[in-house]
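Read off the chains here:
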Amino acid sequence: MKKYTDTGKKDTRSGFGVGLLKAGQADPRVVALTADLKGSLKMDAFAAEFPERFIQCGIAEANMVGAAAGLAITGKIPFIGSFAEFVTGRVYDQIRQEVSYGNTNVKIASSHAGITLGEDGATHQTMEDLALMRALPGMVILNPCDFNQTVQATLAAAKYEGPVYLRFGRPSVPNFTPEDEEFVIGKAIIMNEGTDVTLIATGHTVWESLLAAEALEAEGIKAEVIDIATIKPLDEKAVIASAKKTGAVVVAEEHNMAGGLGEAVAGVLARELPTPMVFVNGEDKFGQSGTPAALMEAYGIDAKHIVLAAKKVIAKK
Amino acid sequence: MAKTNEELKQIATQVRRDILRMVCMAKSGHPGGSMSSTDILTTLYFNEMKQDPATWTRDGKGQDMFILSAGHMTPVYYSILSRAGYFPASELATFRQMGARLQGHPSIRKGLPGVFQASGSLGQGLSAAAGLAKGKKLDKDDNFVYCLCGDGESEEGQIWEAGMFAVFHKLDNLIAMTDWNGKQIDGPVEEVAGEGDLAAKWEAWGWNVIVADGHDFDSIKQAFALAKAGKGSGKPAMILFKTEMGHGVDFMAGTHKWHGSVPKPEQLEDALKQLGETPLGDF
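Chains as they are written, first to last, in the numbering used here: chain A, 1 to 317; chain B, 1 to 283.
Incorrect hints may appear among the rest.
Here are some of the chain A residues that sit facing chain B, going by a computed Cβ distance under 8 Å [unchecked claim]:
(1) GLY66
(2) GLY70
(3) THR74
(4) ASP93
(5) GLN97
(6) GLY102
(7) HIS124
Derived Cβ-Cβ restraints for the label pairs, each shown as a range [stated by the list, open to error]:
(8) A/GLN288 - B/SER28: 43 to 53 Å
(9) B/GLU195 - A/THR291: 40 to 50 Å
(10) A/THR195 - B/SER28: 51 to 61 Å
Derived by calculation from the structure, the hints in this document are not laboratory data. For every residue, glycine included, the Cβ atom is placed at its ideal position computed from N, Cα and C.
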């Protein structure tokens with residue numbers, strides 16, 4: 001199995017902060033807006049270097065979305081940052097009209113996504129954001145898996161012309177992807193090749209899937225691991241090719257069972273190549289307070305549960 | 001560029017004729033608010049705005065920009081855009097038809113010149129306009145951004161978020177207008193939501209507030225002059241135009257019942273007779 005080394009735990013939101021600063025240095029059109037979460041979104045460095053291009057909106061997310069759309073119409077590249085719940089569910093209609101239907105070049109920086117937001121509990125832990133964003137015509141959805149990939153995804157979002165939903169998280173997690181690998185929107189990344197089962201993952205579940213693949217290898221099961229860093233548009237070719245090879249697919253994601261990556265993959269395979277599948281996700285539930293690791297285990301979204309899912313799906317072949 | 005009141009009156013009469021004929025042809029649409037804001041928007045586009053259909057681009061560089069926050073007022077908006085030269089008046093006949101550039105609410109997806117942003121879901125346009133104004137400030141583009149809201153629409157909380165944002169960011173290049181006709185779909189604003197004194201509210205928010213008669217061209221022109229004079233003050237301007245829903249046709253005036261209703265053929269005939277013909281001619 002291909003070896004990955006954790007070069008030191010980091011939060012993906014810090015990857016966004018670094019990426020935003022780099023994007024701002026590369027292109028004077030980049031501006032950043034936040035709704036009173038500059039520190040949480042790691043926008044401090046950008047705000048310090050480009051005070052005129054940093055726009056504080058206060059706790060008023062709906063206005064922030066509209067203002068960003070206006071800025072984009074004048075030719076700016078606005079990144080709007082808040083917690084995932086507050087830049088999706090809270091402002092779904094604003095994103096739909098001003099950004100998606102209005103086709104404005106706005107980048108939605110969505111931090112603290114999923115259950116690993118942790119101790120603040122269910123009010124702040126959106127497990128539904130991917131479903132909302134996937135339903136919007138043309139919305140590009142990026143969900144990088146570690147610090148390095150988040151830096152690169154942020155740069156790719158800035159260069160892409162059109163609405164982008166960029167999802168990342170709060171906790172410190174292993175940093176294991178190459179530092180300067182260009183992020184290609186729409187391309188799945190084969191992290192490990194295997195023949196017995198495909199483990200499809202996104203965001204924090206990529207590392208968990210690699211751990212699961214290692215554990216499976218010890219039992220003689222060869223797992224293919226795919227990092228779906230772009231959820232929409234989905235790299236259908238990569239999904240179909242891998243399903244064809246292994247004949248069994250697990251999809252692991254830090255999201256509700258409805259409308260996330262699991263259903264996106266199932267939709268492709270149902271249409272092109274019906275394949276046994278098992279899903280690892282937050283089911284049809286709200287989260288609760290707890291440490292990120294404890295929650296991932298309790299809700300069954302960690303390596304241990306991916307191993308169980310892999311065995312279950314192989315038995316269905 | 002400057003137009004006399006007589007010239008503006010003539011354009012406004014033609015626009016009201018267009019509005020009624022459009023909604024009757026489409027058998028749907030919103031004539032009431034369109035007719036209350038006709039004189040305001042006629043003055044804006046034909047006497048106040050720095051705009052040029054020949055060089056129009058969506059980014060609005062080097063020109064004034066306008067956002068119709070109350071997106072249902074497309075009949076007046078499209079009529080004025082066409083009469084100002086953005087597209088042929090004959091296209092008004094396609095209003096609300098399948099495949100038309102003249103969608104029920106403004107869209108940027110059909111390539112209609114003059115429209116800067118989609119609108120229709122209420123309460124959002126002032127935020128977009130504030131973003132445009134901020135963009136112009138960053139670009140050191142000295143032109144104005146205008147935005148028209150409804151008084152019923154101002155029940156949306158986002159309007160007041162935008163109100164705070166525009167003051168905090170000193171957007172004195174933003175001139176917002178409210179079509180203060182006192183009516184909304186379910187009835188008089190004061191009976192539906194009890195909005196209260198809009199002037200006092202906007203003043204409390206820190207805006208440069210101007211109250212004007214939205215059917216008197218002198219009053220409208222003066223209001224725009226006062227609003228523009230606020231440039232440099234650091235304050236955005238809000239012109240509260242007192243208007244009458246359905247203005248210009250006796251049986252439509254002053255009632256909420258014509259917010260989204262279409263006149264019957266004989267009513268249309270009566271209304272057009274009341275308005276009278278103009279040399280501009282029907283589409």
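* Asked: Given a hinted range of 40 to 50 Å, is it respected by the beta-carbon distance of B/GLU195 and A/THR291?
  -> holds (47 Å)
* For the range 43 to 53 Å, tell me whether the beta carbons of A/GLN288 and B/SER28 fit it or not. => Between A/GLN288 and B/SER28, where Cβ atoms are some 48 Å apart, the hint holds.
* Asked: Does A/GLY70 meet its interface restraint, that is, does its C-beta lie within less than 8 Å of any C-beta in chain B?
  -> Since chain B brings a Cβ to about 2 Å from A/GLY70, closer than 8 Å, the hint holds.
* With a cut-off of 8 Å on the beta carbons, see whether A/GLY102 makes it to chain B. => holds (4 Å)
* Could you check if A/ASP93 really has its C-beta closer than 8 Å to a C-beta on chain B? => Check passed: Cβ of A/ASP93 comes within 5 Å of chain B, closer than 8 Å.
* Asked: Is the hint on A/GLY66 kept, meaning its closest Cβ partner in chain B is under 8 Å away?
  -> This hint holds: A/GLY66 lies near chain B, its Cβ roughly 3 Å from the closest one there, short of 8 Å.
* Report holds or violated for the interface hint on A/THR74, using the least CB-CB distance to chain B and a cut-off of 8 Å. => holds (3 Å)
* Asked: Between A/THR195 and B/SER28, does the beta-carbon spacing fit 51 to 61 Å?
  -> holds (60 Å)
* Asked: Would the stated hint for A/GLN97 survive a check requiring a Cβ distance to chain B of less than 8 Å?
  -> Cβ of A/GLN97 sits 5 Å from chain B, so the hint holds.
* When the nearest CB of chain B is found for A/HIS124, is that gap smaller than 8 Å? -> violated (20 Å)
When held up to the earlier numbered hints, the structure conflicts with hint 7 and nothing else.
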